[in-house]
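Using the sequences and the hints, build the whole thing.
Keeping their order, the protein sequence lines are chains A and B.
The numbering of the first sequence is this note's numbering, which starts it at 1 and goes up by one.
The numbering of the second sequence is this note's numbering, which starts it at 117 and goes up by one.
Worth double-checking, as some hints may not be accurate.
Calculated cross-link-like contacts (lysine-lysine; reagent style DSS-like; alpha-carbon spacing at most 25 Å) [claimed, not checked]:
hint : chain 1 : residue 1 : chain 2 : residue 2
1    : B       : Lys-229   : A       : Lys-82
2    : A       : Lys-5     : B       : Lys-187
3    : B       : Lys-234   : B       : Lys-187
4    : A       : Lys-42    : B       : Lys-210
5    : A       : Lys-42    : B       : Lys-220
6    : B       : Lys-220   : A       : Lys-82
7    : A       : Lys-5     : A       : Lys-35
8    : B       : Lys-220   : A       : Lys-5
9    : B       : Lys-229   : B       : Lys-187
10   : B       : Lys-229   : B       : Lys-218
11   : B       : Lys-229   : B       : Lys-243
12   : B       : Lys-210   : B       : Lys-229
13   : A       : Lys-72    : B       : Lys-218
14   : A       : Lys-35    : B       : Lys-220
15   : B       : Lys-234   : B       : Lys-250
16   : A       : Lys-35    : A       : Lys-104
17   : A       : Lys-82    : B       : Lys-250
18   : B       : Lys-250   : B       : Lys-131
19   : A       : Lys-109   : A       : Lys-82
20   : A       : Lys-72    : B       : Lys-220
21   : A       : Lys-104   : A       : Lys-5
22   : B       : Lys-131   : A       : Lys-82
23   : B       : Lys-210   : A       : Lys-72
24   : A       : Lys-35    : B       : Lys-218
To be clear, the hints were calculated from the coordinates, so they are not data collected in a lab.
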Amino acid sequence: MVHIKRLQEVGADIIAVVGEIDASSSIELDLAIAKSVGEGYKKILVDCQALEYISSAGLGVFMSYIEELRDKNISFVLFGMKERVLNTFSILGLADLLNIRENKQEAKKLADELSV
Amino acid sequence: MSYQYNTGCSLNNLKGVREFIRRSLDGQEVSDLELGAIVLALDEMCSNLMIHAHHCNPDHFIALNIHIPVKGQFIFEIIDDGSMFDINQFQEPKLDNLVHEKRKGGLGIRLVKSIMDKIEYLHEGGKNVCRLTKTI
Numbered sequence: 001m002v003h004i005k006r007l008q009e010v011g012a013d014i015i016a017v018v019g020e021i022d023a024s025s026s027i028e029l030d031l032a033i034a035k036s037v038g039e040g041y042k043k044i045l046v047d048c049q050a051l052e053y054i055s056s057a058g059l060g061v062f063m064s065y066i067e068e069l070r071d072k073n074i075s076f077v078l079f080g081m082k083e084r085v086l087n088t089f090s091i092l093g094l095a096d097l098l099n100i101r102e103n104k105q106e107a108k109k110l111a112d113e114l115s116v
Numbered sequence: 117m118s119y120q121y122n123t124g125c126s127l128n129n130l131k132g133v134r135e136f137i138r139r140s141l142d143g144q145e146v147s148d149l150e151l152g153a154i155v156l157a158l159d160e161m162c163s164n165l166m167i168h169a170h171h172c173n174p175d176h177f178i179a180l181n182i183h184i185p186v187k188g189q190f191i192f193e194i195i196d197d198g199s200m201f202d203i204n205q206f207q208e209p210k211l212d213n214l215v216h217e218k219r220k221g222g223l224g225i226r227l228v229k230s231i232m233d234k235i236e237y238l239h240e241g242g243k244n245v246c247r248l249t250k251t252i
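This is how it looks when you write it as structure tokens:
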């Protein structure tokens with residue numbers, strides 16, 4: 001079960017993911033990112049502070065946007081992951097393909113730098 | 117020690133599968149990261165089976181057995197009577213290809229193979245048994 005909230009802060013769209021993302025709920029993450037990209041945001045931050053679990057279905061969603069985000073020059077940064085969630089990204093080597101930061105402040109800083 | 121859990125093949129039941137594993141391994145001196153990885157691997161195996169062998173039919177059932185013969189040694193068995201879905205037969209896709217093709221699937225198999233020590237398939241009593249072993 002996952003709850004996804006979106007809020008906007010100084011030009012960035014923040015997608016807050018609360019709960020667990022598995023094969024039954026990854027579609028909700030997909031829809032939230034698609035909406036954010038579709039609305040034209042150039043800085044998208046994913047708040048993972050309350051993300052308790054992610055399976056390959058959720059990882060696959062992030063992977064599937066990498067090229068589109070690059071093509072559209074969208075800064076996309078995830079932040080606030082718990083160690084066990086980050087470990088799932090690391091096992092597959094995805095931590096190197098995605099921008100991941102410890103907290104919101106660092107994520108915003110990186111998004112600003114990437115969008116210059 | 118042995119534990120068993122039966123569940124219908126609805127993806128909504130994956131949460132129950134994860135909770136069963138966490139409960140069963142509670143007190144086994146498994147670190148949070150190792151427990152997280154085991155839960156993840158079994159979630160991947162069960163969801164693969166539910167999707168590919170049972171088409172998410174909630175009236176089809178799978179059983180998950182956990183055996184802990186000695187401390188630190190874990191044997192997980194997923195038992196069903198659908199068509200065999202042997203992940204050893206699947207080539208893991210390269211990450212670059214997944215990104216380029218914008219594919220959302222294919223990562224689960226790589227995860228399971230990275231986390232578990234051994235993945236075997238058996239046919240016992242008319243049922244498929246996928247046995248995963250992990251020593252910590």
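Cross-check of the supplied hints:
1. Lys-229/B x Lys-82/A: 23 Å, holds
2. Lys-5/A x Lys-187/B: 42 Å, violated
3. Lys-234/B x Lys-187/B: 18 Å, holds
4. Lys-42/A x Lys-210/B: 28 Å, violated
5. Lys-42/A x Lys-220/B: Cα-Cα ~23 Å, so holds.
6. Lys-220/B x Lys-82/A: Cα-Cα ~23 Å, so holds.
7. Lys-5/A x Lys-35/A: OK: Lys-5/A and Lys-35/A at ~12 Å, within 25 Å.
8. Lys-220/B x Lys-5/A: Measuring from Cα to Cα gives roughly 22 Å; hence the hint holds.
9. Lys-229/B x Lys-187/B: 22 Å, holds
10. Lys-229/B x Lys-218/B: Holds - the C-alpha atoms of Lys-218/B and Lys-229/B are around 22 Å apart, at most 25 Å.
11. Lys-229/B x Lys-243/B: 23 Å, holds
12. Lys-210/B x Lys-229/B: OK: Lys-210/B and Lys-229/B at ~14 Å, within 25 Å.
13. Lys-72/A x Lys-218/B: Holds, because 15 Å separates the two Cα atoms, which is no more than 25 Å.
14. Lys-35/A x Lys-220/B: 17 Å, holds
15. Lys-234/B x Lys-250/B: 7 Å, holds
16. Lys-35/A x Lys-104/A: 21 Å, holds
17. Lys-82/A x Lys-250/B: Holds, because 24 Å separates the two Cα atoms, which is no more than 25 Å.
18. Lys-250/B x Lys-131/B: 22 Å, holds
19. Lys-109/A x Lys-82/A: At roughly 20 Å apart (the allowed maximum being 25 Å), Lys-82/A and Lys-109/A satisfy the hint.
20. Lys-72/A x Lys-220/B: 19 Å, holds
21. Lys-104/A x Lys-5/A: Since the Cα atoms of Lys-104/A and Lys-5/A sit roughly 15 Å apart, the hinted pair holds (cutoff 25 Å).
22. Lys-131/B x Lys-82/A: Given that 25 Å is the threshold and the Cα spacing comes to 19 Å, the pair holds.
23. Lys-210/B x Lys-72/A: Holds: Lys-210/B and Lys-72/A sit about 24 Å apart, inside 25 Å.
24. Lys-35/A x Lys-218/B: Given pair Lys-35/A, Lys-218/B holds - Cα atoms ~17 Å apart, limit 25 Å.
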